[in-house]
Amino acid sequence: MGAGDVIPHDLKQSLVDALYFDKIDDRVTHLTPAAGSTCRWFLSKEEYTTWRDSAKQPDHSGFLWIKGNPGTGKSTLMKMLFEEARKSSVGDPSEIVLSFFFLARGTLKERSTSGLYRSLLHKLFKTSEDLWAGLDLMTADAARGILVNGWHEEALQQTFEHVIRNLGTRSLTIFVDALDECEDDQAKELVDFFEALCDLAQEENIHLLICFSSRHYPHIEIRKGISVTLEDEAGHEEDLKYYVKSKLRLRRSKAAESLQSEILEQSAGTFLWVVLVIDILNSEYPGKRIDKMRERLKEIPQKLADLFELIITRDGENPVLLQLCLQWILFATRPLKPQELYFAVHFGLDKGFSGFWDPQDVDLDEIKTFVRHSSKGLAEVTRNKAAEVQFIHESVRDFLRGRYDAQWFESASGSFEGHGHRVLRDCCLAQLLDISEDQVVALRTTYREHITSQFPFLEYSLNVLRHADSAQQHGVEQRNFLDEFPLVQWIILNNVLEKFSIRRYHESDETASLLYILAERNLAGLIRAYQWKESGFVPVGRNRYRAPIIAALATNGDEAVQALLETEARRQPPDSQLHELCKRYSKKKATPPKLGRDFTYGMSRSVASYIAELGNDILRSFTLPLFLNPRRESIIHLLVQKGAEVNSEDQHGRTPLSYAAERGYSHIVDSLLQRGAQVDLRDNDGRSALSWAAQRRDITREAGTVRPSTEAVVNLLLQWGAQVDSRDKNGRTPLSYAAETGRPHIVDL
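Residue numbers (full-length UniProt numbering): 1 to 749.
Hints listed in this document are in silico derivations from the structure and should not be mistaken for laboratory results. For glycine and all other residues, C-beta sits at the position ideal for the given N, C-alpha and C. Any given hint could be a false lead.
[To be verified] Distance condition first, Cα-Cα at most 27 Å in a straight line; then the derived DSS-like pairs of lysine-lysine:
no., residue 1, residue 2
1, Lys45, Lys224
2, Lys247, Lys303
3, Lys241, Lys254
[Unchecked claim] The calculated label-pair distances, taken between Cβ atoms and stated as ranges, are:
no., residue 1, residue 2, range
4, Gln302, Lys351, 41 to 47 Å
5, Leu200, Asp363, 52 to 58 Å
6, Asn384, Ala18, 23 to 29 Å
7, Lys224, Gly91, 28 to 34 Å
8, Val6, Tyr447, 44 to 50 Å
9, Ser261, Gln13, 57 to 63 Å
10, Ser283, Val148, 51 to 57 Å
11, Val538, Asn149, 24 to 30 Å
Working from the sequences, and respecting the hints, build out all of it.
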């Protein structure tokens, strides 16, 4: 991006709107507030007040980093600090306070630095419209490109830096929680970027403060800053004491105080450990028997992971129910509503289960109790409007993955994750098959909201293909599943629940294409898993994008594009140049063109014409051999004109010119030569295009066909300087091949 003319206001508004994403603030709103007066000690801590003091900014460059072990309460503390800072800034436009809370189990935007930049920029622009001047560094064309292809990391960083420069006398404080919950490389790059911003702020005399929280990893050194280790702080210990005293159901006594001290000593400063242990003691000993509680406490392990192990194995009750529940929370494509989880788990326990929900049989409160019971207290329903099921802490997810991955490695093929997605796939399939033809007829005339309330798991069950794809990519074979997949039933139910009519599929057996659906949904694992009879480059049915390759390009399905290229290459002979082009496409990590969901397929145009116009060079080169046919002459011209590699070679060293010459396609030969095809390139056997053309016998003209012309091809090659006396590895010349075929007019040429 470079500085250009000021872009119009409506275009800026569109750029700001494009920064927003669903769940932009979900993590911080999900967090339970600090209990009572806990965490408030940090507000008067010397390190915190020093960090807030603008006069001391040169000493620490504006950085404060709070570190702690898993479960020590870092996120709760960060929520309190953010809310207190925001309260103090209310009514003062010179103070801006923002936050971003990473969430490893969330969407890509919730766990990535691009999501952080988008969230912070969106809030900054909503805070004050004069900061929109930060968008003036880009041209109008660059802005429109972002609206088509989305905000990319470089544009986000440059815009963020430009906005910081425009803060003027305003101060900006940013709280970033759970830095360890994004990728390590991204975390390091983010710290480097914020360090550079803080340096810039000091040069420009801008008050910029950054507060990170994370576990003790990733290990990242900062040049200057203040660091606090939470579990070492006296205030943190006081918070633990307050929590134990207020939550442990015991009368005040010396024995109770002694037990409280033992709990604190055993906790090693881990807040989550204390919460779980007090829950165990309160639930197992409601009669307040201190001696029994003390005995039980001695049996509880000190390590958090060992405590999780104890919780899931302590009574041996319903292990299948427990594992199903945990697998669903681990591997669902999005957080589930409690009623979705309830029906998902029951379909896993009983494939004949009915997906119809009658709240008189089981109400929502009972379902929430089921969530807690079936997860043995390791999951909860969030207390906000979304009301979704999640683990009580991210460390539960870490523990479960480590535990089951280790067990699976010792006992089965594939992986625990692959097996988990297969289980979820089967639950989804059971729900789809539970819907009868009569119910489908009724559902077609029912409002979508009524359907999802009557069948809470039905909409999610349409993710059956996504779980099958994940299972395939984690080593669990899906060919049999694809053979038996009820495609038309899936299409009908998808159409019933799809809000936008343009995204619905045609339902007849004749036009239904599983390959098209997999391409549109970027399910590359399933595309690779199957031996497809159809080509991904041929239009099928009357669906929105007609051909699978166009569907993948229109929906930014980079992985699906690569898989379709590989699948198409498998349909060709082993010596086809498509195999090599596939490898080059993968190695270059070529980014396919982004057509955008609004792309419209013109019924009068071909797939190849769109690839010629909108594809990248490798994609055009891949398409060229597929359409090497005189009927496709105009497409060949377009592909070559737009940049297809005319000298690309297959395993035998043969080029498109070599094949076109052999087949007598004179107009295509002419087009290739005009666009830079080298006339005398030799293949692995030393043969040139002229050699192959001289060997050809012209075929008889057929009604309605274009007659290949060897004479015209040879004439063209000679005009472009083809060597008539060049010898191949067998010592033969083009002349000898022409003589062998009995073609005196070719010999004369």
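Looking at the structure, which of the earlier hints fail to hold?
-> none
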